[in-house]
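Student: Between the sequences and the hints, there should be enough to build the whole structure, so can you do that?
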Amino acid sequence: MDLINAVIVLLNYTIIPALTYGSQLALGAIFVTLIYGILRFANFATGDMMSFGTMFAVLLTYYFQSIGINFGFLPTALLTIPFAIFMMILYMLLIDQTVFKYYRIKKSPPVMLAMVSVGVMFVTQAIIRIIIGPTDRRFLDGEKFILKATEFKEMTGLAEGLTIKSTQMITIVVTIIVVAIMFWFLNKTKTGTSMRAYSDNEDLALLSGIDPKKVVLITWIIAGILATIGGILYGLDKSYRPFVYFNNMLPIFAAAIVGGIGNPYGAFFGGYVIAFAEIFLTYAYKRFLVYILPESLEPNSLMQLLSTDYKFAISFSILVIVLIFRPSGIFEGKRI
Amino acid sequence: MRNYLNIIVAYSIMMLLIILVGIFQSWSIALTIFNYCMISAVMTLGANIQWGYAGLINFGIMGYTALGGLAVVLVSVAPVPEAWSVGGVNMMTCLGIIILMIFSTRYILKNIQKSNKRNYLIAGIIIVGLILIKIIAGPAIEQIEAVDPAKTGFLGGLGLPVLFSWIVGGLFAAGLAFVVGKVALGLRADYLAIATLLIAEIVVSIIKHEDWLARGVKNVIGLKRPAPYEIDLQTSPWFINLVEKFHSAKLDLANSLSERQDILNQLVIDASSVYVKLCFAGMFLVVVIILLIITQKALYSPWGRMMRAIRDNEEAASAMGKNVVKQHLFIFILGSAIVGIAGAMMVTNDGLFTPGSYRPMRYTFVIWVMVIVGGTGNNFGAILGGFVVWFLWVEAAPIALFFINLFTAHLPETNEIKIHLINSAPYFRFLLVGIGLLLIMRFRPQGIIPEKIIKQ
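If you read the protein sequences in the order shown, they are chains A and B. The first sequence begins at 1 in the numbering used here and counts up one residue at a time. The second sequence begins at 1001 in the numbering used here and counts up one residue at a time.
Misleading hints may appear alongside valid ones.
Now the stretches of chain A that chain B is said to cover, found in silico as 3 or more residues with beta-carbon under 8 Å [as the list claims (entries may be wrong)]:
no.	stretch
1	128-134
2	151-158
3	244-254
4	307-316
Cross-link-like lysine-lysine pairs, in silico, DSSO-like; alpha carbons within 27 Å at most [said to hold, decoys possible]:
no.	chain 1	residue 1	chain 2	residue 2
5	B	K1218	A	K311
6	A	K238	A	K148
7	A	K238	B	K1218
8	A	K165	A	K188
For the record, the hints were derived by calculation from the structure and aren't laboratory data. Heads up, the beta-carbon is just placed ideally off N, CA and C, and yes, glycines get one too.
Tutor: Pasting the structure below:
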């Protein structure tokens, strides 16, 4: 019985939150990796692009709520996803045409493009703050919990409760669906194959008649879908605040590089690696150990390896270690 | 002279803009902007050494700035004897353990062949060391933070003159740069950017959350300053006399003696703040000029030519027998040290250390915009970039407000769009800086004042 309780504690406080957070990071990391693999630059505007898409979802959610549309027990924000994605893709294509295209045609070094993306970051941040302001916003409605701790306790008679928030379930399910479709697209369709070819060897791809314009277009469309969905899921789970999204760029980068930048599978797993490391290293294991250890060995302290203040620092340290010892990421090998 | 014409023109326009601020807003604001421009200029000089001379991309400027700020606290604040007596011994032991760990690791790296055994040994040393530190430091930290937490709760500093901390700030930053350079400099350019950015974040989060060191997010206020205090000036007779002499015409207009006294008091208060800022401006100007002379000399010395050769063609330079790795590390340390000095200068100017305010937006990306806009590889350009971008950054809100009012003049005061726009005026600075960067990168990628190669 104690063992089951211990497992429930771990599930409740570490595994489910880590899976959720990891999914959000994974979507962002695939976005970074796609841009890096095909357009060949580190996009410093990642966080703000995700924020931009989410902003539309927030505004539309408010609008839908005001005219009385809702999605039953699911959050209204899910209904707004297609519109938000559409706006996001429009914005990305506009940015690409006005800014990135010039450097791509000139074949500027990646550093130059990264600096340009810093400029895009500034502009995007400004637009977001001018439209919606820097304040914290919650836009979650519908059912908050799928399983409440008290219900679980009554159901099973255990001492520990298991809570599953609806946002956690939605995040995990939506991520699986989106990522599955994306991998299917990249591997099985002709366009996907041409994108992989373009990422592997640009010159050879051009030689075999792949249209670079189409590849770039499709990349931005996929990127827009990933960025918007990732951003909305994060916003639903925590809350929407432009500054936080900017900060999230850093663990997302960490996830993409840990998985081997340019490699979507790596980025997908990288997200979970970072999330699990962050949560496992900062969790206070006292309650867990109380259940599995005999009474005489019960710990006095919190049994926390690092304080939660260092959550971000952990993912960065992992990244630095990976960069030093295995610069091509832990899942070395194939790109896209 | 003709060669320097564009530099002179650009700097004159900049000075004119600051003087205009002085006339239209106030001299106090103008001097604040000027001082911050100068601090930004020092930071850009540091970043320009790395990026312009050597082509190294360092997005970790925030970390070095924060370390420079930390140096001010550690050097100038008076020590807290109670904290030292409860936890000093333990903390010093920890420091000893860390030094011991470093040296034993170095010893192993040097004397044992590369093997699994060596890796296990090093991992063992690190794990044992960390556990020891956790055991020794844990209770000491709790005790130190319990010493009068509202005011101190940290070990304090050394109580030395604050100017000394500028040098220490540079040394701190150089120390960090040595470690970062050792581990990260081999990386490709964009990886290096990300790695340095993340390491800077780690440094800032340590400063933020280790309260025993510098109070963390509780901030250290009331730091010493190398200039007189306003309140002392306002009561010292020589200063009041000076103000009286300076504004005699204005004072003579007063009708009665009491009115005259009121005007004089107001003038003294204004003048004291301007005087203090002028003192700072003088000190910063000295630092900027010294750094400018040194960097200019270095740029056109054989060493500077070598750096440019390495930047432009690493393979060729290394084939000519130049040690690229060593020079990269050296220049990385040098540039970071200058950024550290700027960080110390900034905290001295503010008189307070707020670790929570170190954010990558303000302390990495804006500085980079300065370097790019001003002109990479040209020290005059870098300084100008610091001035221009900082000026825009500060004055963007008033400028935006002006234009918003202009374009929405026909709308009624209660119009929602107008109110919303006026409320979001501060965010136009991001827009202005971002568009400025994009335009410069597109149409003048070499910056306002481009790099100049003097042929010998």
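Student: Look at each hint and say if it fits the structure.
Tutor: Now for the hints, and whether the structure bears them out:
no.: 1; hint: 128-134; verdict: holds (count 4)
no.: 2; hint: 151-158; verdict: violated (count 0)
no.: 3; hint: 244-254; verdict: holds (count 4)
no.: 4; hint: 307-316; verdict: holds (count 6)
no.: 5; hint: B:K1218 - A:K311; verdict: holds, 19 Å
no.: 6; hint: A:K238 - A:K148; verdict: holds, 18 Å
no.: 7; hint: A:K238 - B:K1218; verdict: holds, 26 Å
no.: 8; hint: A:K165 - A:K188; verdict: violated, 35 Å
When each numbered hint is compared with the structure, violations occur for hints 2 and 8.
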